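*Asks:* Listed below are the residues making up each chain.
There are 2 protein chains.
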Amino acid sequence: MATLIAPINHLPHEDAEALRKAFEGWGTDEKTVITILGHRNSNQIQQIRRAYEEIYQEDLIKRLESELKGDFEKAVYRWILEPAERDAVLANVALKSGKNYNVIVEISTVLSPEELFNVRRAYIKRYKHSLEEDVAAHTSGPLRQLLVGLVTAYRHVGDEINAKLAQTEAEILHEAVKEKKGSHEEAIRILTTRSKTQLIATFNRYREAHGTSITKLLDEKSDDFQKALYTTIRTFNDHVKYYEKVVRDSIKKLGTDEDALTRVIVSRAQHDLKVISDVYYKRNSVLLEHVVAKETSGDYKKFLLTLLGKED
Amino acid sequence: MATLIAPINHLPHEDAEALRKAFEGWGTDEKTVITILGHRNSNQIQQIRRAYEEIYQEDLIKRLESELKGDFEKAVYRWILEPAERDAVLANVALKSGKNYNVIVEISTVLSPEELFNVRRAYIKRYKHSLEEDVAAHTSGPLRQLLVGLVTAYRHVGDEINAKLAQTEAEILHEAVKEKKGSHEEAIRILTTRSKTQLIATFNRYREAHGTSITKLLDEKSDDFQKALYTTIRTFNDHVKYYEKVVRDSIKKLGTDEDALTRVIVSRAQHDLKVISDVYYKRNSVLLEHVVAKETSGDYKKFLLTLLGKED
Chain A
1 MATLIAPINH LPHEDAEALR KAFEGWGTDE KTVITILGHR NSNQIQQIRR
51 AYEEIYQEDL IKRLESELKG DFEKAVYRWI LEPAERDAVL ANVALKSGKN
101 YNVIVEISTV LSPEELFNVR RAYIKRYKHS LEEDVAAHTS GPLRQLLVGL
151 VTAYRHVGDE INAKLAQTEA EILHEAVKEK KGSHEEAIRI LTTRSKTQLI
201 ATFNRYREAH GTSITKLLDE KSDDFQKALY TTIRTFNDHV KYYEKVVRDS
251 IKKLGTDEDA LTRVIVSRAQ HDLKVISDVY YKRNSVLLEH VVAKETSGDY
301 KKFLLTLLGK ED
Chain B
1 MATLIAPINH LPHEDAEALR KAFEGWGTDE KTVITILGHR NSNQIQQIRR
51 AYEEIYQEDL IKRLESELKG DFEKAVYRWI LEPAERDAVL ANVALKSGKN
101 YNVIVEISTV LSPEELFNVR RAYIKRYKHS LEEDVAAHTS GPLRQLLVGL
151 VTAYRHVGDE INAKLAQTEA EILHEAVKEK KGSHEEAIRI LTTRSKTQLI
201 ATFNRYREAH GTSITKLLDE KSDDFQKALY TTIRTFNDHV KYYEKVVRDS
251 IKKLGTDEDA LTRVIVSRAQ HDLKVISDVY YKRNSVLLEH VVAKETSGDY
301 KKFLLTLLGK ED
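Heads up: the protein sequence lines correspond to chains A and B, in order. In terms of the working numbering, the first sequence has 240 at position 240, counting the first letter as 1, and numbering is strictly consecutive. In terms of the working numbering, the second sequence has 238 at position 238, counting the first letter as 1, and numbering is strictly consecutive.
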């Protein structure tokens with residue numbers, strides 16, 4: 001369930017004109033920007049982008065970049081891109097800004113195979129490099145094998161489960177994870193090629209056979225490869241729980257991790273942020289919107305709360 | 001340049017009716033089958049398949065399978081599939097029938113990135129497995145890394161060349177190929193992620209620096225990995241020359257390799273078989289159609305010659 005509150009009908013040209021008016025004069029009318037863009041789904045926003053370009057011969061995104069600033073600008077920018085463009089940008093930033101390989105894993109495992117392919121297309125269009133090219137250039141060894149395998153996968157989508165395969169491959173994963181040795185070649189093959197349904201059957205089979213979840217054996221605080229392996233299994237198993245943890249960690253830190261918080265909110269507002277928020281409440285006994293209101297400020301705060309469906 | 005001779009206008013329903021008539025009565029009228037299907041391009045054939053299904057509620061492919069036999073049936077079957085379907089079948093057969101990894105390399109390197117992606121889509125639709133899943137299950141070690149990387153690539157298409165990168169990566173390839181040691185990890189990264197234009201620049205740079213083509217250092221008769229590496233570089237460099245060699249080898253053998261001969265003819269008849277055939281003549285001083293006529297027989301021969309644009 002989404003948290004985004006968007007009208008069924010909207011008038012893209014009127015929205016474009018209202019935004020233009022908000023940019024004119026002394027300073028920007030941020031309230032209008034939030035009211036409009038925080039209440040439109042991604043299709044509607046693309047219509048507004050086109051209408052704005054048509055009327056004013058100006059790129060709405062560029063204009064917003066010059067009007068807004070800081071975390072608010074970043075959040076608006078990420079929000080109004082098409083989903084595939086946004087993920088391409090998030091992946092590129094993650095690669096350039098160091099080692100947030102979790103973002104690469106999220107994109108590869110949470111999206112559908114077609115959506116993931118659209119991200120690769122958007123990435124090439126934007127950067128004139130392929131996504132796997134940049135991932136490979138930033139990594140090496142088993143981490144590279146895993147991440148390149150994840151981003152380039154085009155998995156079968158279906159309900160078929162091969163129970164025997166699940167059993168065999170649960171044991172292969174067990175050996176690879178338990179012994180923490182070798183190149184993990186087979187574990188990587190399994191995680192980067194099997195369908196999501198089959199993988200979940202394998203993880204369940206693992207739990208039955210070993211009485212514990214496979215991620216329990218992985219040390220997420222260890223090296224980048226182990227961390228990526230851990231995230232891969234978690235996001236396949238239950239990406240809602242995973243995102244709840246990302247949000248929790250982003251707030252728990254001394255100084256909020258705005259990038260992570262923004263990423264989860266803009267990526268999931270139109271999909272399952274309500275469910276993530278419910279899981280958050282269950283685990284932390286505090287409403288996500290209260291924490292966000294407490295830890296952020298200004299227009300950034302107002303914008304996030306709007307996407308969370310909770311305006312002041 | 002193609003060798004296929006197809007009319008600009010054709011009437012799919014009339015073709016379907018003529019084929020039906022060819023199937024009826026005692027035995028099949030193979031001549032009609034060849035005259036029609038050997039003179040239609042792949043779009044036209046798909047229209048005929050639809051028209052046939054519409055009129056007779058019967059799958060044309062299934063009917064042909066029951067009417068024809070041997071190498072002729074195989075060739076017609078491969079020819080009338082959509083190109084992406086055909087390549088999916090060729091890849092699957094290559095994997096199942098043992099070790100013809102060259103077919104996997106061809107598909108991955110000769111097709112455009114969008115065409116390759118369509119093959120992956122067709123593969124999943126047909127086999128309920130992903131192409132990379134099956135490639136990975138049949139291979140291991142560096143061969144797996146190379147082949148999985150090739151089939152899953154979605155490369156940037158463009159004219160940009162980074163000359164400095166070409167120089168660095170020519171040396172990386174040199175080390176990997178010359179020393180024949182290590183996992184070839186970097187050579188695989190280069191070959192599976194760089195754009196075709198960039199790779200050709202790298203191979204040219206190699207030739208300038210070392211006075212010889214990089215493939216000269218590779219032993220195509222050595223292990224499967226070296227062979228696949230060799231084919232990858234050859235097909236990127238000049239797939240026409242490569243196909244000429246495949247055709248030459250298919251005929252040179254004691255007992256023609258019909259599968260290889262059919263594969264090249266049905267895959268390239270609509271594209272560049274004329275060029276391949278010219279290169280063949282230049283190298284062997286004999287016309288390809290004469291050799292095909294000499295080495296094959298019956299309806300199979302007639303069909304191949306029709307696709308070569310040379311009927312009796």
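Derived by calculation from the structure, the hints in this document are not laboratory data. Since we're looking at a predicted model, the values are computed, not measured. One or more of the hints may lead you astray.
Which copy is meant is left open, so a pair is good if it fits within one copy or across any two.
[As the list claims (entries may be wrong)] Cut-off 25 Å, straight-line C-alpha distance, at most; resulting in silico cross-link-like pairs (DMTMM-like, lysine to aspartate or glutamate):
#1 LYS128 / GLU171
#2 LYS253 / GLU115
#3 LYS252 / GLU311
#4 LYS252 / ASP159
#5 LYS125 / GLU160
#6 LYS128 / GLU115
#7 LYS21 / ASP59
#8 LYS227 / GLU186
#9 LYS96 / GLU186
#10 LYS196 / GLU58
#11 LYS96 / GLU160
#12 LYS196 / ASP59
*Asks:* So, for every hint listed, does it hold in this structure?
*Replies:* Comparing the hints with the structure gives:
no.: 1; hint: LYS128 / GLU171; verdict: between (41 Å within a copy, 24 Å between copies)
no.: 2; hint: LYS253 / GLU115; verdict: neither (32 Å within a copy, 47 Å between copies)
no.: 3; hint: LYS252 / GLU311; verdict: within (23 Å within a copy, 77 Å between copies)
no.: 4; hint: LYS252 / ASP159; verdict: neither (38 Å within a copy, 48 Å between copies)
no.: 5; hint: LYS125 / GLU160; verdict: between (35 Å within a copy, 13 Å between copies)
no.: 6; hint: LYS128 / GLU115; verdict: both (19 Å within a copy, 19 Å between copies)
no.: 7; hint: LYS21 / ASP59; verdict: within (15 Å within a copy, 61 Å between copies)
no.: 8; hint: LYS227 / GLU186; verdict: both (17 Å within a copy, 23 Å between copies)
no.: 9; hint: LYS96 / GLU186; verdict: between (29 Å within a copy, 20 Å between copies)
no.: 10; hint: LYS196 / GLU58; verdict: neither (42 Å within a copy, 35 Å between copies)
no.: 11; hint: LYS96 / GLU160; verdict: between (38 Å within a copy, 21 Å between copies)
no.: 12; hint: LYS196 / ASP59; verdict: neither (39 Å within a copy, 33 Å between copies)
The structure fails to meet hints 2, 4, 10 and 12 from the earlier list, while all remaining hints are met.
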